[in-house]
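Participant: So you can see what is in the structure, the chains are spelled out below.
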Amino acid sequence: MSKKWLLTLTSAASVLLLAACASGDEAETPAGNDDDTAGESTDGGSGESRQVLVYSNSLAGGRQEWIDEMATEAGFDMQYVEGGGGEVLNRLLAEANSPQADVAFGMDEAMFFELVDEELLVEYEPDWVGEIPDDALIGDQLFHPLVEQRIFMMYNPEYVSEEEAPSNWQDLSDMEEFQGRYRVPAALGGGTDQKAILSILLQYIDEDGEMGIAQEGWDEVEQYLANGYQTPEKEEQLQNFAEGTVPLSYHFLGGIPNAEEEFGFDAEIVNPEQGVITMREQIGVVNKGDDHDYTAAQEFVDWFGSAEMQSAFVEEFGGLPVNESAVDSAPERLQEIAEQTEPMEVDWNFVRENLNQWVEKVELELMP
Amino acid sequence: MMNSRLLKMKESNLLAKIPFYLFCLFIAWFIFALLIWPNVNVLVDIFWVDGELSLSAFGRLSGSNRAIRAILNSFLLATVLTVTVNIVGTFIVLVTEYFDIKGARILRVGFMSTLVFSGMVLNNGYLYVYGQNGVLTNIFTRILPNLEPTWFTGFPAVLFVMTFACTTNHMLFFRNGVKGLDNNTIEAAKNLGSSQWQVLKDVVFPTLFPIIMTLVIMSFQLGLGAMAAPIMVGGSFETISPLILSFTQRPSSRDLAALLSIILGIAQIILLVVMTRNEKKGNYMSISKTKTRVTKQKIENKVANIVVHALSYILFVIYTIPLILVILFSFMNLQGISQSTLSLDYFTLENYRAILTNNTNYGPLLTSAVYAGGAAVLAVLFMIMIARIVMKNKNNKLAEWTEYLFYIPWLLPGLMLALGLIISYDSPSFLLLGNSVIGSVWILPLVYLIMMLPSTLRYIKGAYYSFDNNLEDASRILGSSPIRTFLRIILPALLPTALALVALNFNNFLADYDLSAFLYHPAYPTIGITIRRNADAANNVNAAAVNLVYSVIIMAVSSIMFYVVYGRGSKMGEKKSGIRNSRRRIKAPVIVTGLGDTGVDDPATGEKA
Numbered sequence: 001m002s003k004k005w006l007l008t009l010t011s012a013a014s015v016l017l018l019a020a021c022a023s024g025d026e027a028e029t030p031a032g033n034d035d036d037t038a039g040e041s042t043d044g045g046s047g048e049s050r051q052v053l054v055y056s057n058s059l060a061g062g063r064q065e066w067i068d069e070m071a072t073e074a075g076f077d078m079q080y081v082e083g084g085g086g087e088v089l090n091r092l093l094a095e096a097n098s099p100q101a102d103v104a105f106g107m108d109e110a111m112f113f114e115l116v117d118e119e120l121l122v123e124y125e126p127d128w129v130g131e132i133p134d135d136a137l138i139g140d141q142l143f144h145p146l147v148e149q150r151i152f153m154m155y156n157p158e159y160v161s162e163e164e165a166p167s168n169w170q171d172l173s174d175m176e177e178f179q180g181r182y183r184v185p186a187a188l189g190g191g192t193d194q195k196a197i198l199s200i201l202l203q204y205i206d207e208d209g210e211m212g213i214a215q216e217g218w219d220e221v222e223q224y225l226a227n228g229y230q231t232p233e234k235e236e237q238l239q240n241f242a243e244g245t246v247p248l249s250y251h252f253l254g255g256i257p258n259a260e261e262e263f264g265f266d267a268e269i270v271n272p273e274q275g276v277i278t279m280r281e282q283i284g285v286v287n288k289g290d291d292h293d294y295t296a297a298q299e300f301v302d303w304f305g306s307a308e309m310q311s312a313f314v315e316e317f318g319g320l321p322v323n324e325s326a327v328d329s330a331p332e333r334l335q336e337i338a339e340q341t342e343p344m345e346v347d348w349n350f351v352r353e354n355l356n357q358w359v360e361k362v363e364l365e366l367m368p
Numbered sequence: 001m002m003n004s005r006l007l008k009m010k011e012s013n014l015l016a017k018i019p020f021y022l023f024c025l026f027i028a029w030f031i032f033a034l035l036i037w038p039n040v041n042v043l044v045d046i047f048w049v050d051g052e053l054s055l056s057a058f059g060r061l062s063g064s065n066r067a068i069r070a071i072l073n074s075f076l077l078a079t080v081l082t083v084t085v086n087i088v089g090t091f092i093v094l095v096t097e098y099f100d101i102k103g104a105r106i107l108r109v110g111f112m113s114t115l116v117f118s119g120m121v122l123n124n125g126y127l128y129v130y131g132q133n134g135v136l137t138n139i140f141t142r143i144l145p146n147l148e149p150t151w152f153t154g155f156p157a158v159l160f161v162m163t164f165a166c167t168t169n170h171m172l173f174f175r176n177g178v179k180g181l182d183n184n185t186i187e188a189a190k191n192l193g194s195s196q197w198q199v200l201k202d203v204v205f206p207t208l209f210p211i212i213m214t215l216v217i218m219s220f221q222l223g224l225g226a227m228a229a230p231i232m233v234g235g236s237f238e239t240i241s242p243l244i245l246s247f248t249q250r251p252s253s254r255d256l257a258a259l260l261s262i263i264l265g266i267a268q269i270i271l272l273v274v275m276t277r278n279e280k281k282g283n284y285m286s287i288s289k290t291k292t293r294v295t296k297q298k299i300e301n302k303v304a305n306i307v308v309h310a311l312s313y314i315l316f317v318i319y320t321i322p323l324i325l326v327i328l329f330s331f332m333n334l335q336g337i338s339q340s341t342l343s344l345d346y347f348t349l350e351n352y353r354a355i356l357t358n359n360t361n362y363g364p365l366l367t368s369a370v371y372a373g374g375a376a377v378l379a380v381l382f383m384i385m386i387a388r389i390v391m392k393n394k395n396n397k398l399a400e401w402t403e404y405l406f407y408i409p410w411l412l413p414g415l416m417l418a419l420g421l422i423i424s425y426d427s428p429s430f431l432l433l434g435n436s437v438i439g440s441v442w443i444l445p446l447v448y449l450i451m452m453l454p455s456t457l458r459y460i461k462g463a464y465y466s467f468d469n470n471l472e473d474a475s476r477i478l479g480s481s482p483i484r485t486f487l488r489i490i491l492p493a494l495l496p497t498a499l500a501l502v503a504l505n506f507n508n509f510l511a512d513y514d515l516s517a518f519l520y521h522p523a524y525p526t527i528g529i530t531i532r533r534n535a536d537a538a539n540n541v542n543a544a545a546v547n548l549v550y551s552v553i554i555m556a557v558s559s560i561m562f563y564v565v566y567g568r569g570s571k572m573g574e575k576k577s578g579i580r581n582s583r584r585r586i587k588a589p590v591i592v593t594g595l596g597d598t599g600v601d602d603p604a605t606g607e608k609a
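Going down the list, the sequences are from chains A and B. For the first sequence, counting from 1, position 271 maps to 271 in full-length UniProt numbering; every step adds exactly one. For the second sequence, counting from 1, position 376 maps to 376 in full-length UniProt numbering; every step adds exactly one.
Extracted from the complex, chain A is given alone in its bound form (with noise of 0.2 Å):
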C-alpha cells in the first residue's frame, strides 16, 4: 500500500517541481508575453527602462557584451536569444504563434523574407533610412539593412600566380593543375558555404531548368564538389590555406582581417563577371500582435541601426556598413575589398523561393 503511495509521492512532487518552475518563470520573465502591459506604462515615458528582447545570430565573439554594454548605458534592459543564423530562423518559425522576440538582426534578406512570409514583422522605417542607398532597401520597411557582408572565391599568391588563378568558380573544376586542392564546401548548413555554391546556380537561372536552374548549372556544380578538397572536421581550412596544401578557397569579408593576421597570409580576391555574391544583415521589428506596444523595439532599432553605433560596431568587429555614414569606419582592408569587387545582382526573393530546394538536391545527388 505505501509503496504505492511512495510512487505517488514522488510523482506529485515531480509534478510540482514543474509547476514550480513554471510560475518561477512567469514571475521572472521579464520580456515574455506580460510585457504588453508594462509597455503600457512606459508608453511616452522615456526615463523609465525599456525592455528588448533580440534574436540574434550576430552575439558571438564579445558582440552581446559589447552591445549590451552600450544599449545598457542608453537606457534599455536587453535580454538576448543567440545561435547560428538557421537556428535562429528556425526558431522565430516555430514561435510564430507566440513571438517572443521583440526585434531580430544579423540574418540575411532571404531569412527575413521568409519571416515576412509567415508575418513575423511589423513596419517600421527607422530615422536613419535616410542613409541607406536605395537600391540595399528591398523589405517593404519590414526589415532594413545593418553590415554588408560579400562572400568571394580567394588564392593564396605564394602559390598561385595571377595567371593561373581561375577567373570563375566554375572553372576550377577543369584546371588540372588544382584537382583537389581548392576548397569546397563539406556541408550546406552555412550560411557562406550555401553561397559558394548560389555563385555557380545563379549564373545558371532558366525558368525551364530543374528547379529555376539550367543542367548546366547543375552539372557544373556537380563538377566543382567532386574534383575539390572538402576540408575534414579536424583540419583548419585557413590553415591549409597559408600553408598552400589547398590554396583556394572562398571567404566571408568581415572574416579576412583576422584570419590574414592569425594565419599570416595574404589572400587575392577573384572577382568574376558576373561579380561576388553580397548579401546584407538585415534588422526588423518582430510582430507581437496589433495591441503591442513596439516603442521600445523601434528605439533600439534606430538606435543600434545609427551611423555612430554602426560604426562603433565595425570598428571594434569589423564589417562593412550599409549606412551610408558609416562606411569610413569600417577597416582598410575591408574597404580595399569591397571596391575590388563587384555586388553581384541577385534576386533575393527567387532564391528564397528555392534555396531549400537548392540546397536539399545538392546534398541529396550531387555531393560526392
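In short, the hints are calculated from the structure, not lab data. Please read these numbers as outputs of a predicted model, since none were measured by experiment. Since no wrong hints were added, every one of them can be taken at face value.
Derived list of chain A stretches under chain B, where covered just means 3 residues or more per stretch with a C-beta under 8 Å from a C-beta of chain B:
(1) 50-64
(2) 74-87
(3) 186-195
Which residues of chain B face chain A? A few of them, derived with a C-beta cut under 7 Å, are:
(4) S64
(5) L127
(6) S246
(7) Q249
(8) S252
(9) S253
(10) S338
(11) I422
(12) D426
(13) S427
(14) I438
(15) G439
(16) F518
(17) P522
(18) R533
(19) N540
Label-pair restraints from in silico Cβ distances:
(20) A:E324 x B:I324: 53 to 61 Å
(21) A:E308 x B:S236: 50 to 58 Å
(22) B:S62 x A:D206: 20 to 28 Å
Just so you know, even glycine gets a beta-carbon here, dropped at the ideal spot from N, CA and C.
Based on these hints, arrange chain B on the given structure of chain A.
Facilitator: Then chain B, alone, in the frame of chain A:
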C-alpha cells in the same frame, strides 16, 4: 462479523489503491500529452502539405545515392559494432572485476574514462594519435615510408574509435552485474570440476543475460546513431545521423529527417521487441539465497594469464593516450593545435585564463548542471516506478504497451520532439494545465528528460531482472511493509544502476547545444550556447583552442559529478541499506545479504571468503 471485516478490508484496499490509480492517471497523461500528441502533431505538420499527405520524401530519398549509402553504412556499422563493442566491453569488465589482474584499479580508471571523454573531443584525441601528424602516424611513416599520413580514415577508423568509445555502458552496467554475481555458484561449479571457461560460459554469462541483452540493444543503437566518429574520422564513410541533423534544421527538408529517423527507430524497436520476448522466457536470478561477494579468479593457465595481462595493458594504452593528448593539447596555442604538434614553444595558459576568469561562463554552467541534473534524477526516479509496474505485471498487455510507449523518443530526433512540443503547446493548453511551452524555463529540461527516458527504462529493467524476487517476498513475509521493502531491499539493489544512469544522463546533456539553441530561455543560457558564442569558427580564429579548453573543463565537471554520484553515492547507498550492520552481525565467512553488494566500490572488503 466475518462479512464486515471483509468489507472493511476491501474498502481499505480500494482506498489504498487510490494513489496508485492517480499515478496511473499521471502516466497516461504523460504518455499522451508529452510522448504521443506532440509527435503526432509534428509528423502531421511535416507530412501533411497543403491539405494532403505528401510522401515525396520516399522518392527523394530513394533517388539519392548518398542517402542510401549512408543508411547502409549505418546498419553495417551498427551490426559490426555490436560484436566488437561487446567483446571489448566484456573483456575490460572481466579483467577489472572478475579475474585477478595486477593493477586492476588503475586499469579501471582508464577504461572508465569514456564516461566523461566522449563525442567530438574523444575523436579529436584519437586523431592526435592516429591522424595526420598523429603520434603513431609519425612512427608508422618512419617504418613504412609508403604509408599515407591520412591512413586513419573510413569505416575501419570509425569502427576502431567507436569500439573503444562505446564501452561506457559495459563499464557501468555490466560491471554492476559482475559485482552482483554470487560467489557460491561459482565455487560450486568449480568444485564440480568445471574449468574457468565453463564457469564463465555456464554460470556467469547466463546470470547476466538480461544485462547482456540490454548492452546488445544499446551498442546497436550507438552504431546506428553514430555522429561524431563518422564526421571526424569517417572521411567518405558517411552515416545517417549527420544527415538527419542537417535536414532537421531546414524546415523544408524535415520530412526527410523524420523518415530517416523513423527508419532507424523502427530497426531499434524491432531489435528491442525480439530481445524482450526472449528475455521473458528466461529466469535469471541466482540460485543461492545467501550471496557472497565474488572472489577474483586467478587465471590458472600461465600462458593465458600472460596474454590477458598484456592485452589489458595494451587496451589501457589505447584508452588513455588520446585523453592525455587532449589534456596536453589544451595547453597549446593555436599553432600547436592546428599542426598537431606538442611543444613547449606553443605552451600557453592564456586560453584557460581567458575562460576561467570570464564570469559569464559560470552562470550558464550552473544552468546546464541544474537542467541536466534535475532531468537525470527525475527521469531515473520515474523509470524506476514504471519498470516496477511493468515487471509486476509481466503478462499484462497494458503494462507491456506502456513500456513500449516510453520508447517513442527513440523514433524521432530530439530537435523534432522539441518542435512537436512547440507546435502542440504554443498557446496555453488544458493538456499542460493551462501552460504554454514557449518562453518557459522548463521546456528545455523537460525535453532532456523525455530524451533520457527510453535508455533509462531499458537499463532499469535489466537491473530488475537480475534482482531476486524471493528476497522481496521474504521481506514481506517477515513483516516489512511494502514501502520498507521497497526502500531497504529493492532500491539498494537498483541503486548502483540508478546512480550510474543519473551520472550518464547528466553527462550526455551537460554540454548540449542543438536543443539549447532551439529552446533556451533568454535569461538562462546554457553552457552549450556560451561555448558556441566564444568558440564559433566564423567569429573566432582561435576557436579550436577555446573549444579544446572548454572540453577539458566540461570533462572535469563531469568527472566530479561521476565521482560524487556514482562513486561516493554508491557507498552512501550501501551504508543506508544496512549492509554494514549485517556485516557486523554475521561473523566469518563474510556473508552479506547480497543486495547492496552490487554497489560496493571496494572489492577488497569482500574478497576474503
